[in-house]
Amino acid sequence: MFEYAQAAVEGALAAGATYADARFGVNANESLSARNGVLEGLRLGESAGVGVRALIGSSWGFFSVTEPSEASARQAGHDAAQIAKASALVPGPPLELAAVPAIEAEWTSGWQEHPHEVSLAERADLLVAVTAATSSVPGVTVAESHLSAWDTQKWFVSSQGHRISQHLVECGTSMEATAVGESETQRRSYGGIGGIWGTQGYEIVRAADLAGNAQRVGEEAIALLAAPQCPAGTTDVILGAEQLALQVHESVGHAIELDRILGWEAAFAGTSFLDLSQLGSFRYGSDLMNITADATLPGALGTFGYDDEGTPAQRVDIVRDGIWVGVLSGRDSAAVTGLPPGGMVRAEGWGRLPMVRMTNVGLLPGTSSLEEMIAATEDGIYMETNRSWSIDDKRLNFQFGCELGYEIKHGRRGRLLRNPTYTGITPQFWGSMDMVGGPDEWIFWGTPNCGKGQPMQYGHTGHPAVPARFRNVRVGVSGRADS
Amino acid sequence: MSGDLLLETCESILDLVGDRAEAEVTVSSGRSALTRFANSYIHQNVAETGQWARLKVVVDGRTATAATSRLSTGLGDLVDRALEAAVLRPVDPEWPGLAPPTPTRASIAGAWDEDTAVALPGTRAEIVEGFVEQGGRQTTAAGFCQTGGHEVAFANSAGQRLYGRSTRAVVEGIHRIATADGGARQVAGRVAELDGAATGLAAAGKALRSADAVDVEPGEWEVILEPSCVSDVLKFLVGHGFNAKHHAEGQSFVRVGDAQLDPQVTIVDDATDPRSLSIPFDAEGTPCRRLELVRQGVCQTLAYDRRTARTANTESTGHGVPGGEAAGPVPHHLFLEPGPAAPEELIGSVERGLLVTDFWYTRILDPKTTVVTGLTRNGTFLIENGKIAGAVRNLRFTQSYVDALAPGNVLGIGNDARLAGESHYHVPTLHLGRWHFSGGAKG
Numbered sequence: 000m001f002e003y004a005q006a007a008v009e010g011a012l013a014a015g016a017t018y019a020d021a022r023f024g025v026n027a028n029e030s031l032s033a034r035n036g037v038l039e040g041l042r043l044g045e046s047a048g049v050g051v052r053a054l055i056g057s058s059w060g061f062f063s064v065t066e067p068s069e070a071s072a073r074q075a076g077h078d079a080a081q082i083a084k085a086s087a088l089v090p091g092p093p094l095e096l097a098a099v100p101a102i103e104a105e106w107t108s109g110w111q112e113h114p115h116e117v118s119l120a121e122r123a124d125l126l127v128a129v130t131a132a133t134s135s136v137p138g139v140t141v142a143e144s145h146l147s148a149w150d151t152q153k154w155f156v157s158s159q160g161h162r163i164s165q166h167l168v169e170c171g172t173s174m175e176a177t178a179v180g181e182s183e184t185q186r187r188s189y190g191g192i193g194g195i196w197g198t199q200g201y202e203i204v205r206a207a208d209l210a211g212n213a214q215r216v217g218e219e220a221i222a223l224l225a226a227p228q229c230p231a232g233t234t235d236v237i238l239g240a241e242q243l244a245l246q247v248h249e250s251v252g253h254a255i256e257l258d259r260i261l262g263w264e265a266a267f268a269g270t271s272f273l274d275l276s277q278l279g280s281f282r283y284g285s286d287l288m289n290i291t292a293d294a295t296l297p298g299a300l301g302t303f304g305y306d307d308e309g310t311p312a313q314r315v316d317i318v319r320d321g322i323w324v325g326v327l328s329g330r331d332s333a334a335v336t337g338l339p340p341g342g343m344v345r346a347e348g349w350g351r352l353p354m355v356r357m358t359n360v361g362l363l364p365g366t367s368s369l370e371e372m373i374a375a376t377e378d379g380i381y382m383e384t385n386r387s388w389s390i391d392d393k394r395l396n397f398q399f400g401c402e403l404g405y406e407i408k409h410g411r412r413g414r415l416l417r418n419p420t421y422t423g424i425t426p427q428f429w430g431s432m433d434m435v436g437g438p439d440e441w442i443f444w445g446t447p448n449c450g451k452g453q454p455m456q457y458g459h460t461g462h463p464a465v466p467a468r469f470r471n472v473r474v475g476v477s478g479r480a481d482s
Numbered sequence: 000m001s002g003d004l005l006l007e008t009c010e011s012i013l014d015l016v017g018d019r020a021e022a023e024v025t026v027s028s029g030r031s032a033l034t035r036f037a038n039s040y041i042h043q044n045v046a047e048t049g050q051w052a053r054l055k056v057v058v059d060g061r062t063a064t065a066a067t068s069r070l071s072t073g074l075g076d077l078v079d080r081a082l083e084a085a086v087l088r089p090v091d092p093e094w095p096g097l098a099p100p101t102p103t104r105a106s107i108a109g110a111w112d113e114d115t116a117v118a119l120p121g122t123r124a125e126i127v128e129g130f131v132e133q134g135g136r137q138t139t140a141a142g143f144c145q146t147g148g149h150e151v152a153f154a155n156s157a158g159q160r161l162y163g164r165s166t167r168a169v170v171e172g173i174h175r176i177a178t179a180d181g182g183a184r185q186v187a188g189r190v191a192e193l194d195g196a197a198t199g200l201a202a203a204g205k206a207l208r209s210a211d212a213v214d215v216e217p218g219e220w221e222v223i224l225e226p227s228c229v230s231d232v233l234k235f236l237v238g239h240g241f242n243a244k245h246h247a248e249g250q251s252f253v254r255v256g257d258a259q260l261d262p263q264v265t266i267v268d269d270a271t272d273p274r275s276l277s278i279p280f281d282a283e284g285t286p287c288r289r290l291e292l293v294r295q296g297v298c299q300t301l302a303y304d305r306r307t308a309r310t311a312n313t314e315s316t317g318h319g320v321p322g323g324e325a326a327g328p329v330p331h332h333l334f335l336e337p338g339p340a341a342p343e344e345l346i347g348s349v350e351r352g353l354l355v356t357d358f359w360y361t362r363i364l365d366p367k368t369t370v371v372t373g374l375t376r377n378g379t380f381l382i383e384n385g386k387i388a389g390a391v392r393n394l395r396f397t398q399s400y401v402d403a404l405a406p407g408n409v410l411g412i413g414n415d416a417r418l419a420g421e422s423h424y425h426v427p428t429l430h431l432g433r434w435h436f437s438g439g440a441k442g
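Chains as they are written, first to last, in numbering that gives the first Met the number 0: chain L, 0 to 482; chain A, 0 to 442.
In short, the hints are calculated from the structure, not lab data.
Incorrect hints may have been included.
To be verified - Here chain A is said to cover these stretches of chain L; the calculated rule only asks that three of the stretch's residues, wherever they fall, bring their Cβ under 8 Å from a Cβ of chain A: (1) 140-147; (2) 382-394; (3) 414-425.
Backbone N, C-alpha and C define an ideal beta-carbon position, used for all residues, glycine too.
Model the full structure from these sequences, guided by the hints.
In structure tokens, the structure reads:
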């Protein structure tokens with residue numbers, strides 16, 4: 000399979016590229032969804048093609064074709080170079096690539112049970128059963144459950160001598176209940192950022208215990224309809240680990256993408272509040288804040304062997320004891336800044352241009368626990384599971400809504416609260432973190448739908464996280480004038 | 000691929016299915032190219048050709064869907080996988096049947112421009128150059144120019160045969176100064192209509208006027224929303240409210256026949272209008288038609304696909320989407336009827352308010368009340384005594400979009416309707432009496 004990628008690279012070089020790389024890929028995905036005890040969707044997809052990237056001057060040119068022959072792959076390389084050449088009308092400084100060793104390797108993600116080899120009937124039965132159980136709770140309007148699996152094979156060749164084949168299997172599932180009240184709806188879901196996902200086989204679904212949580216999810220959705228509204232004000236907030244994962248993703252993960260910091264994504268995705276001149280000195284958060292980007296964590300959704308530039312997966316410190324010390328980078332952005340390449344450039348598939356992507360960007364555990372945080376809080380709110388998220392183009396001003404909240408009074412969990420929201424400014428918010436959950440509460444959450452780039456690409460990213468407490472946070476923002 | 004070849008591929012797939020199942024097939028092909036620029040130079044220049052076949056089979060009321068990009072070698076596998084999957088499913092009691100054949104092929108007139116479909120990177124680079132130059136040395140520019148076209152053929156075993164094609168060209172970007180951005184966008188069916196310089200000039204002007212932006216207090220403000228913002232309002236309002244599936248589940252604000260919106264508001268969905276740059280049939284093979292969703296503030300109807308239409312004992316309005324079993328029908332060729340006033344007149348009628356030119360990162364908090372949070376971006380200005388008094392820093396809002404268009408809150412509608420926003424809806428500027436800003440740039 001290397002021959003298509005090789006031909007594409009040769010085509011690009013012959014047309015004048017100073018550097019070229021190409022990926023031939025074969026992708027297969029299967030997704031199932033059920034609603035109220037009925038299998039609603041069953042979709043199978045597959046694709047094969049080659050994407051080639053050619054560097055000339057200040058610009059990448061990229062071209063992709065489906066079902067290539069060696070001739071059409073070579074032509075794709077030629078076209079990528081021609082596209083890059085046209086950029087010379089609006090040129091910038093020549094783009095260099097940070098040096099990396101040329102690697103020949105083969106890597107497989109590993110799985111116990113390939114999800115596509117679990118019968119469709121068994122997978123369907125699971126979703127039908129759990130949605131039937133959830134929808135049997137009186138008052139639940141809609142119970143839904145989803146299951147998706149991706150099988151990705153790719154063969155990478157570069158003009159600098161890389162030849163790497165990889166085979167990744169990713170899988171995950173989700174479940175949610177919706178209850179409709181007189182004036183609003185309430186949703187309760189199981190899992191993290193839209194589910195439970197990992198670079199794993201079907202074992203992640205078996206371990207998820209959907210059935211054991213189906214009834215609870217439905218009951219909580221109903222309870223939320225009758226719960227009091229989250230009050231508006233400023234108070235201490237304890238976030239569950241799955242909401243922390245989203246908080247890390249939005250207010251750290253995107254902010255540390257070097258392409259954003261350099262302005263390369265300014266128009267669409269935005270930039271970052273971070274200034275490279277402050278790398279190593281800027282206080283991102285409290286002393287308890289330790290963030291890494293670790294693409295080597297077994298089974299996490301942002302794990303791989305080599306990125307789509309052929310750089311080995313690695314662990315990079317991002318925030319150490321509250322100080323910003325690292326970024327997410329690729330060979331081009333690293334060369335511009337003089338930083339080491341982080342091996343964090345990936346594409347959604349063979350048909351898209353690779354770009355800087357989060358790997359497993361997560362909060363390292365501390366020494367506390369969720370129960371200790373609650374016991375230590377005189378007056379506050381516990382919030383769990385993301386419902387909405389919005390953050391400005393510099394990743395500074397955010398507002399997140401959660402599905403469920405509990406008031407905390409005198410060290411005890413009190414009333415259930417509906418529509419909990421909190422808002423803040425990134426470094427101030429992280430600076431207020433004073434308790435962090437321990438290793439026993441460290442979970443590898445992930446999101447399979449991180450949007451970035453143009454054309455839009457959906458990335459799979461991992462976010463290990465624990466619960467944590469934040470002081471003096473503004474909560475309860477709603478659409479009303481009094482909030 | 001030509002239209003005939005796409006339809007031939009549809010027929011080949013139907014032949015492979017044979018009498019083993021009812022089936023519907025969509026085969027599409029396209030070319031898309033996108034030139035991105037940042038820091039005032041082109042840094043990424045991409046193009047792709049693609050082709051897809053999507054097959055839905057129905058075996059005794061049991062359905063499954065499969066898709067492939069391997070049109071040369073993968074059609075047999077496509078059919079086998081779909082058939083194998085279908086027999087695993089229970090009979091779908093709500094299966095509405097295949098779309099019946101229509102007398103004539105759906106019209107394709109007016110939606111295709113060959114120069115746009117195959118535009119060269121040099122053409123896009125010239126448009127980008129025009130955009131970038133407008134800031135002189137005072138700004139840096141970032142954005143993209145996109146060109147491309149796609150063709151879609153549809154066939155089902157009930158005899159329906161449809162073909163459509165559409166081209167689209169977009170230039171969009173921002174000019175940046177140290178403390179602010181200004182943005183602009185132009186969408187057209189023909190690349191020759193794109194004016195990079197004019198778009199860049201609009202963006203640069205907003206940025207340069209924002210150099211001395213100040214904070215204003217959040218709270219209730221009278222606002223002028225430019226079309227990009229209005230497009231976002233319609234995206235959430237219509238996408239959630241007029242989806243018949245959401246409505247049946249009780250998750251919609253709409254009460255058909257009630258005057259829930261201001262009398263000045265008329266919203267139409269029309270994929271047959273050439274200005275929508277759309278393929279005029281839906282994913283189920285139902286031809287689209289003009290659908291008046293709101294007339295003078297009164298909700299007229301919901302949007303239906305075949306499944307929701309069957310349940311409601313009515314006809315599909317042509318709003319089926321891939322994966323519609325879960326998503327429900329989606330109206331996404333929206334027009335908000337323009338008013339008589341020039342945008343300058345709307346601004347001139349404001350004693351104290353804000354001009355918002357773009358929204359950013361909007362997310363819905365509750366579908367039934369359509370409460371949405373987001374931020375302003377790319378140019379927000381204070382209006383005093385009918386004139387722009389200066390720029391303000393970005394604000395966060397948390398606002399019910401239904402309440403925003405409620406009776407009495409729409410103070411005026413502009414005459415400047417155009418394709419706008421990320422959704423490319425055809426909408427004008429709006430003048431609203433109240434808009435709830437829930438926070439400033441500093442929290």
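**Prompt:** Can you give the numbers of the hints that this structure goes against, from lowest to highest?
**Reply:** none
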